[in-house]
Amino acid sequence: MSNDVDNSRRKFIAAGVAGTAGLVLAPGVTLLDMANARPAGEAASSTKRWGMLIDSTKCATGCNDCVTACGKENGVASTGRPETDPQWIRKIELKEVKSGKSHSLPMMCQHCAEPPCVDVCPTGASFKRADGIVLVDRHICIGCRYCMMACPYKARSFVHEEHDDQNPDVPRGKGCVESCTLCVHRIDKDLEPACVEACSAGNHGAMLFGDLNDANSEISKRIATYATTQVRADLALNTGVRYQGI
Amino acid sequence: MINPAKRRSVLGWLAAALSALLLAGVMPATAADEHGAHSGHKLIAKGDKCVRDEEYMRRNHMKILKHQRDDTMRKGIRTTQDSLKNCIECHVNPKTNSVASSKEDFCMGCHTYAAVKVDCFECHSSKPKAPAVGMNPIITPEQQSEGKDKQSSLSGKMRWQMQAKQASLNMGEGVK
Amino acid sequence: MNNDVFRKSKDGAFYFVLGVIGLVVLAGLGAAYYMEHHGHVVTGMTNQIVWGLPHVFAIFLIVAASGVLNVASIGSVFGKPMYKARGPLAGLLAIAMLAGGLMVLMLDLGRADRLIIAMTYLNLKSVFALNVFLYTVFFTVVALYLWTMMDRKMHAYSKYVGFAAFIWRLALTTGTGAIFGFLVARQAYGTALLAPMFIIMSFSFGLAVFMIVQAVMYRWNDRVLDEAIQHRMKNLLAVFVAAVLYFTVVYHMTNLYFAKQTDFERFILLDGGVYTNLFWFGQILLGTLAPLAILFHPDLSKRSSWIVMAAMLVILGGFAQLYVLLIGGQAFPLSIFPGMVESSSFFDGRIHTYSPSLPEFLLGIGGVAAAALITAIAVKVLPFMPEDKVHKVIAAD
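Residue numbers (the working numbering), protein chains in the order written: chain A, 82 to 327; chain B, 500 to 675; chain C, 206 to 602.
Note that these hints are calculated values from the structure, not bench results. There's no promise every hint is true.
[To be verified] Calculated pairs, BS3-like style, for lysine-lysine (alpha carbon to alpha carbon, straight line, at most 25 Å):
#, chain 1, residue 1, chain 2, residue 2
1, B, Lys602, A, Lys153
2, B, Lys602, A, Lys270
3, B, Lys574, C, Lys330
4, A, Lys176, C, Lys465
5, B, Lys574, B, Lys548
6, B, Lys616, B, Lys626
7, A, Lys270, B, Lys616
[As the list claims (entries may be wrong)] Over 10 Å on every C-beta distance to chain A, these chain C residues come out as not near it, computed from the model:
#, residue
8, Gly235
9, Tyr326
10, Tyr394
11, His457
12, Asp553
Don't be surprised by glycine CBs; every beta carbon is placed ideally from N, CA and C.
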């Protein structure tokens with residue numbers, strides 16, 4: 082029965098895709114925005130590329146809402162040992178050397194299209210999902226930390242000690258490397274990442290989540306309109322997380 | 500002053516020790532396989548009806564879990580039937596609210612007896628997610644409307660799922 | 206043939222030494238178990254300094270393992286009889302040190318229990334995975350090489366297998382250097398220079414290790430190493446030490462020329478505290494200039510104890526160099542936003558601190574002991590003692 086439901090839903094969506102395809106005016110320009118919801122039995126596809134746009138002009142120094150939400154959602158808590166505590170997202174305060182202009186922004190895995198962590202991983206535990214989310218498969222991570230050496234954003238953390246307070250949706254444990262998953266378990270349920278949700282809930286509006294492959298998505302429109310930056314753009318990693326205002 | 504004969508015997512001894520070591524590593528594992536499945540060990544929090552035949556599950560639950568694990572991890576396929584979370588929901592020990600915190604719990608009951616290490620709970624939570632209304636990850640909206648009253652009994656839900664899946668499942672095929 | 210090498214009168218002493226080495230290996234294994242059980246929180250390693258002291262030991266051993274084979278190569282590939290006599294010992298040391306180094310590397314993994322995964326899931330784009338392949342083939346080729354050198358019937362093949370081992374050794378150390386050379390993110394790494402630099406480092410460290418082991422074996426058996434041989438080897442060591450110095454100078458000069466690298470160079474060369482001291486006093490003064498002075502000194506360079514001293518200093522300098530490259534390279538923070546001052550709760554923009562813990566040291570020294578243990582047992586049961594026909598050495602060279 083649930084299979085039938087799945088099947089009929091799949092058929093319906095396939096028909097929807099075909100219909101939408103017919104409405105394509107030019108490559109990359111569609112009239113209709115397809116529903117995001119992907120059935121549970123369907124694999125993530127490369128037609129989407131999830132990304133985030135962070136407006137540092139709206140991000141206040143001292144505001145930690147995104148970090149707090151991430152910790153709560155993913156069960157990443159401080160043990161009081163800051164040097165070994167994992168951090169999936171952190172606030173960085175920046176100051177331009179000459180002008181003294183300061184910025185505040187959240188920094189996390191940038192979900193590169195060409196992720197160095199994936200290249201260097203000896204077992205293939207570090208991988209990029211079809212929809213652009215860079216993840217660690219802890220089932221085959223051996224804890225060598227080579228990805229941490231390779232990441233230009235210091236986005237990855239090694240789990241230095243045992244944990245037993247995992248969120249059932251977010252497995253994590255001693256001896257493996259981990260980083261921001263873009264809340265993949267939420268995305269698969271058609272929800273926004275926890276940090277973005279918290280930023281909106283706090284009326285800060287500094288974080289925008291969406292599909293970079295969809296020209297009509299809010300995020301794509303913003304990127305097409307305003308000057309945005311990729312951090313360490315010199316490395317040409319084509320990051321999924323973009324910044325505005327720095 | 501070691502003569503060639505003595506040298507040979509030392510090498511021979513080393514080879515023997517090495518093979519003994521290898522054998523020692525293999526033996527208990529096979530022995531455990533043999534007896535673990537037929538132990539008649541009493542299980543706590545055993546559900547009424549599993550997603551597959553009981554005998555099949557005893558031998559192959561790890562294959563099903565591994566298959567689902569790769570699908571979910573790599574492709575984002577999040578069907579609930581074969582997910583570890585679904586197992587935990589049904590098999591949780593009400594006393595400990597876990598499947599692996601003590602020898603009395605479902606997973607550890609067998610695994611301790613069979614002396615097979617479970618690696619799952621190094622990372623995965625062995626506890627079910629607290630059911631928030633409308634947010635339970637293993638209950639799809641259809642199921643919710645269908646089985647509002649059944650929701651209190653997790654095994655009831657499983658039975659419902661089984662009926663739905665019966666056609667597509669049989670022992671030999673198992674994991675698709 | 207050389208059954209009298211380890212004379213019975215010293216059997217007691219031999220087993221005592223073996224026992225001591227064995228205890229150090231056990232301590233290393235115990236330390237690894239302790240780290241594995243509690244997690245890396247009990248080490249000095251953090252999310253800032255992700256590779257620590259064990260990696261310094263492991264990389265030293267792996268690099269020296271490849272370099273020590275040079276002694277055999279000079280014999281087989283370039284046909285020098287004096288080195289030919291030393292080929293088997295060199296091959297043995299290569300296998301022993303690589304095994305010791307890999308032991309440390311594997312036991313430091315966050316999930317050392319998943320060794321089988323490391324060998325069965327290979328991401329071929331990863332230099333690390335490539336190294337797994339390079340190490341495995343290296344073991345095989347060197348084992349074959351030993352066979353051709355030590356079995357009279359196989360002598361004919363020695364030259365070819367020796368050549369294969371020679372090429373493979375260069376590939377292996379290129380791979381080790383590339384582990385760092387391919388890291389684009391950090392300022393200390395990400396340069397192809399590291400590959401040839403690691404090769405020349407391997408020549409230097411490997412020969413130094415060989416000379417010390419050789420000296421110990423001669424002393425143990427109350428033999429005297431021929432002066433001509435000693436002279437040649439010390440000159441070769443001096444050349445290698447000078448070559449490492451050359452690469453070090455080029456590495457730092459290149460960095461100093463790039464404006465974006467000057468902060469990093471200032472850190473290593475001027476105000477990096479322990480790293481600056483280790484660089485100038487450890488690597489340059491004790492590890493390079495002092496051995497060079499000994500090896501070229503008209504008097505001291507003729508005394509075998511001074512030559513051994515010089516070799517020890519080279520090894521010490523090697524450890525200092527790897528410590529500065531590995532730990533110093535990580536201690537300098539990532540430049541995520543060039544041109545801006547960064548600060549955060551995750552130590553962005555700050556020099557990272559690292560204080561190695563006892564378990565890490567024990568694991569590292571345990572790897573050295575494992576290499577020593579393999580060597581000691583092997584030289585006891587098989588004829589690895591170099592046998593020179595002294596008159597021919599002089600004539601042929």
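For each hint, the structure was consulted:
no.	hint	verdict
1	B/Lys602 with A/Lys153	30 Å, violated
2	B/Lys602 with A/Lys270	35 Å, violated
3	B/Lys574 with C/Lys330	21 Å, holds
4	A/Lys176 with C/Lys465	18 Å, holds
5	B/Lys574 with B/Lys548	28 Å, violated
6	B/Lys616 with B/Lys626	18 Å, holds
7	A/Lys270 with B/Lys616	32 Å, violated
8	Gly235	18 Å, holds
9	Tyr326	4 Å, violated
10	Tyr394	8 Å, violated
11	His457	21 Å, holds
12	Asp553	6 Å, violated
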